[in-house]
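Number of protein chains: 2
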Amino acid sequence: MVWGGALMSEPLLEQLIDSLRCLPGVGPKSAQRMAYQLLQRNREGGLRLSDMLRFAMERIGHCQKCRNFTEADICRVCADTSREQTKLCIVESPPDMAALEKATDYRGMYFVLHGKLSPLDGIGPEQLGLEALCERFDSGVITEIILATNSTVEGEATAHYIGELARTRNLSVMRIAHGVPLGGELEYVDGGTLSHAFAGRTPV
Amino acid sequence: MVWGGALMSEPLLEQLIDSLRCLPGVGPKSAQRMAYQLLQRNREGGLRLSDMLRFAMERIGHCQKCRNFTEADICRVCADTSREQTKLCIVESPPDMAALEKATDYRGMYFVLHGKLSPLDGIGPEQLGLEALCERFDSGVITEIILATNSTVEGEATAHYIGELARTRNLSVMRIAHGVPLGGELEYVDGGTLSHAFAGRTPV
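These protein sequences, in sequence, are chains A and B. The first sequence runs 1 to 204 under my numbering. The second sequence runs 1001 to 1204 under my numbering.
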């Protein structure tokens, strides 16, 4: 109960506050503040957000080629013929793809797994769309695979599994580099990263 | 631009991220996280939030008696005849009212100003609904006024102004106490509060 006693509750306001809590990182206090702020100062913004939420939830699906979020059949990246069709970067989630797209000058294609292999959670090759991925491997267009899953245990396992799938098809398989972050001081870098960076030293 | 380059942007997703930023405390990163989270895991919650936002923005208005937010003509507090009709507590905003209702056992009525006197911002007696307030003063039902505006300069000025209005009508006027917060250590309390608390010492 955010809003005072039972007699005091105004159902609609309370329901709005409750609904706002479905947003990540929004607790009862923030939800209350958001509701009041919209009611007091920005009803138009609230209505616009309502429309956008409905449109997005109903219309945004997955790209048929890369499984990224899009309201079209094929997302803009896949539809862009000026990109290198021979390279395929495999990521766990759409935000990962957005981060790579923003930070790197990579101009190849993507494939979004929407998760990582995790048998205990019932997430196997089917849930990650690996069948569609293999079809792309077999299409003959792709020559290089870049594995950009996270460097967690499951992420590594997923990268390994997909790497094997690609290798049996004679594709070149690459993994993004792991090591000490740029600007990181050795003293404060965690042991796992440091030992990985040391073992994976490269000639200069 | 949250979502990569121009060619990469999926208009609907981008519009959703943009709309989410109308919520207080939500920047580009949080908005992106919220949009992805809803799309990936909670489309139902997103649709419910969309409905609630629309209902709330369109239907919630002000109570005719106390000016608090409500979707009815008269809010639940004002409609509750078991409350003491003779006491009227004046607050700046609905959250203030909710906070008092939650923390105190006050069972009288409220009046919500939705602001404070601030001539420079063009907020005068009309904007605060003081005419309606005076009508309630004159109704003969109310005998005690409790001024619970914030203890800012404008809040104090507003309390003073309303206090004068009430006093000319021979109503008993009270102000909530200001002083050292409970559990506050004198050493860490700001000078203004401390000097106010010292000057306003009461016999024990």
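None of these hints come from the bench; they were simulated from the model. Just so you know, not all the hints are guaranteed correct.
Said to hold, decoys possible - FRET-style restraints, in silico, Cβ to Cβ:
| # | chain 1 | residue 1 | chain 2 | residue 2 | range |
| --- | --- | --- | --- | --- | --- |
| 1 | A | G27 | B | R1167 | 36 to 44 Å |
| 2 | B | V1141 | A | G27 | 33 to 41 Å |
| 3 | A | N42 | B | S1118 | 29 to 37 Å |
| 4 | A | G27 | B | R1136 | 31 to 39 Å |
| 5 | B | T1143 | A | G27 | 21 to 29 Å |
| 6 | B | S1118 | A | D105 | 32 to 40 Å |
Claimed, not checked - Capping the alpha-carbon separation at 25 Å, the derived lysine-lysine pairs in PhoX-like fashion look like this:
| # | chain 1 | residue 1 | chain 2 | residue 2 |
| --- | --- | --- | --- | --- |
| 7 | B | K1029 | A | K29 |
| 8 | B | K1087 | B | K1102 |
| 9 | A | K29 | B | K1102 |
| 10 | B | K1065 | B | K1029 |
All of these numbers come straight from a predicted model, not from anything done at the bench. No residue lacks a Cβ here, since even glycine has one placed at the ideal position from N, Cα and C.
Restraint status (C-alpha distance of A/K29 to B/K1102 at most 25 Å):
Cα-Cα ~13 Å, so holds.
For the pair we were handed, B/K1029 and A/K29, check the Cα-Cα distance against 25 Å.
holds, 20 Å
Pairwise beta carbon distance, B/S1118 to A/D105, judged against the given window 32 to 40 Å
violated, 51 Å
Take the C-alpha atoms of B/K1087 and B/K1102, compute the straight-line distance between them, and say whether it is at most 25 Å.
holds, 17 Å
Between A/G27 and B/R1167, does the beta-carbon spacing fit 36 to 44 Å?
holds, 42 Å
With 21 to 29 Å as the target window, see if B/T1143 and A/G27 comply at their CB atoms.
violated, 40 Å
Taking the CB of A/N42 and the CB of B/S1118, does the distance hold inside 29 to 37 Å?
violated, 20 Å
Check the following: the C-beta atoms of B/V1141 and A/G27 are separated by a distance inside 33 to 41 Å.
holds, 39 Å
Would you check the hint for B/K1065 and B/K1029, treating anything up to 25 Å between C-alpha atoms as holding?
violated, 42 Å
Given the hint of 31 to 39 Å, is the C-beta distance from A/G27 to B/R1136 inside that range or not?
This hint holds: roughly 36 Å between Cβ atoms.
The structure shown violates the earlier hints numbered 3, 5, 6 and 10.
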